[in-house]
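Peer 1: Protein chains in written order, with our numbering: chain Y, 719 to 1007; chain X, 6 to 244.
Incorrect hints may have been included.
[Unchecked claim] Beyond 12 Å from chain X on every Cβ pair, some chain Y residues (computed):
1. L886
2. L902
3. I905
[To be verified] One-sided and incomplete, this derived list gives chain X residues near chain Y with beta-carbon spacing under 7 Å:
4. E74
5. H77
6. A80
7. H81
8. V84
9. Q90
10. G94
11. K96
12. F98
13. I109
14. G110
15. Y112
16. S113
The set of hints was computed from the structure by calculation and includes no laboratory data. Built from N, CA and C at the ideal position, the CB exists for glycine as well.
Residues per chain, in single letters:
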Amino acid sequence: MLESLSALATPITMGILYGGLYVVIALGLSLVFGVMKVINVAHGDFVILGSYFAYVVLTSKGVDPVLSLGLGIPLFFIMGILIQKYLLYRAFKISTDAALIIAFGISLIIQNAAQLAWTPMSKSLQTGYSFKSFQVGDVYIPLVYLLDFIVAVIVVVVVHQFLQRTYLGQAITAASQDQQTAELMGINPATVYQYAFGIAIALAAVAGVFLGLTFPFNPISGVPFLIIAFGVIILGGLGSMVGTFIGGMIFGLSQSLGGHFWGPTGQLLVPFLMVLVILTIRPQGLFGR
Amino acid sequence: MPEEALLHVNNIDVFYGNLQVLWDISLEVRSGEMVAIAGANGAGKSTLLKTISGLMHPARGNIHFNSREITHLNAHEIVNLGISQVPEGRKPFPEMTVLQNLVIGSYSQKARTLRNKNLAKVYEFFPLLKKRKNQLAKTLSGGEQQMLVIGRGLMSNPRILIIDEMSLGLSPIFVRELFGVLHDIKAQGITILLVEQNVWQTLHEADRAYIIETGRLVLSGNARDLCEEEEVRNAYFGA
């Protein structure tokens, strides 16, 4: 049953590369959970909203999805801040459950609005490079998978530098580790939540573009990606950029290899089996604290 | 004309939900003093400090700092006014380095401009922190963490430094050294308010003290005089 390594080279490379997409999706989720200790159950839907945004810009103005991020990122950032400030934070002050319910409500609204606006039919972001692939040795890789990986590296580096080198970034880091003590440093938790959420939704916009370039999507595609993002965070460990990155790679890799050996079922099953295995050996995740 | 106290706590009652934990507490701290609030475990000392620093709010009574009412301000606003609290249990940010912890201490706008000056001062008080500046806080020993969080508290450029249970888990000799540093800090013009279970050592270091028992203030006065008080000796300097 042992296949030669060269036959596996393709699924291995592909899995690692498109795992980059999962990294970008998971990063936004991780940021919000780190500060608010609440899973934004609408995160996957915000990602899909990002895909639809790029779709609208592409089909109406012919602008390349990656370029549309020039508008998409600031737009989604502001949207994130406003939603946090006027909706989520108010619910959060009542209880974390209330915030969870509001997030669930937002999820439903996005899904149904998307259905109304763009029908339940699958869409994708078709560009000149959508079907291009490149060759390394015997391995043919779709170009968009390489883009997924590159954008994951860029995003992780940028977010990491932001968290390390700016006062706001350090405030977010501190609040994630110990909110009450962070308040004693003069850090306003409401401000931290707003910016963390704004950044998370901006990251969702980025994830949405690359998701749309990589896979077809429809109004309810957000949910499976939310679950994958959750799996990535658990795998990699909370509070670690490196962990999220490695987690995404492992997830993509196990999905790809699972699909290679066991078809669609393997694709779904193997990654989550990996999550279970890691959780058993190391409950805090590979790089978690 | 009597000097206006820097910090005035007036007749506060504090509750956890429906449970009252502090009754009619009044105290004052004058500029340049080292004042201690001493009492047994569970007496309500930390609750009192949390109320002063804005993490909790009194149901009745008021608190004034520098002639300004701060009773209902939030913690992050109070820090900006010049009150810095070093929390119970030390609480350094575990995944941040010594230097990162110190820098985040100067988060408030005013403190940021004075960051480098205050950092140099902190390194003078605690040379060990300079040596270990790139070490992760969670890997420090209890005593080293205590030095770190006091240094971090100083980074916010406070007028009054509040320290909650400094001596917990530390050797008396080390605590003695820490008090030495506190006296140096006090000599630089920073007022110090301490909360301590270790009544004996604290009464020998502070200027004035309040004794708190099950949520009420039972004694107050000059720290040395309190050492001689029969009640205090019997209750806290046990046979």
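Peer 1: So, for every hint listed, does it hold in this structure?
Peer 2: So, going through the hints one by one against the coordinates:
Remark: the non-interface label on L886 (chain Y) conflicts with the geometry, its nearest Cβ contact in chain X lying 10 Å away (cut-off 12 Å). Not every C-beta of chain X lies more than 12 Å from that of L902 (chain Y), the closest at about 5 Å, which undercuts listing it as non-interface. Remark: the non-interface label on I905 (chain Y) conflicts with the geometry, its nearest Cβ contact in chain X lying 6 Å away (cut-off 12 Å). For E74 (chain X), the shortest C-beta to C-beta distance to chain Y is roughly 19 Å, which exceeds 7 Å, and the interface hint is violated.
The interface hint given for H77 (chain X) is broken, as the beta carbon of that residue sits about 15 Å from the closest beta carbon of chain Y, more than 7 Å. Look at A80 (chain X): its Cβ gets to within about 4 Å of chain Y, closer than 7 Å, so that hint holds up. Evaluation of the H81 (chain X) hint against chain Y yields a held restraint, the C-beta minimum of about 5 Å falling below 7 Å. Given hint, V84 (chain X) at the interface with chain Y, holds; its Cβ is 4 Å from that chain's nearest Cβ, closer than 7 Å.
With its C-beta approaching chain Y no nearer than about 5 Å, Q90 (chain X) sits inside the 7 Å limit, and its interface hint holds. Hint status for G94 (chain X) relative to chain Y: violated, with the closest Cβ pair at about 9 Å, above 7 Å. Nearest Cβ of chain Y to the Cβ of K96 (chain X): about 5 Å, under the 7 Å cut. The hint holds. For F98 (chain X), the interface hint holds, since its Cβ comes within 7 Å of a Cβ in chain Y; the closest pair sits about 5 Å apart.
The interface hint given for I109 (chain X) holds, since its Cβ lies 5 Å from the closest Cβ of chain Y, which is under the 7 Å cut-off. With 7 Å as the threshold, the beta carbon of G110 (chain X) comes within range of chain Y, its nearest partner Cβ sitting at about 6 Å, so the hint holds. Because the smallest distance between the Cβ of Y112 (chain X) and any Cβ of chain Y comes to about 5 Å, under 7 Å, the interface hint for this residue holds. Because the closest C-beta pair between S113 (chain X) and chain Y is about 4 Å apart, less than 7 Å, the hint holds.
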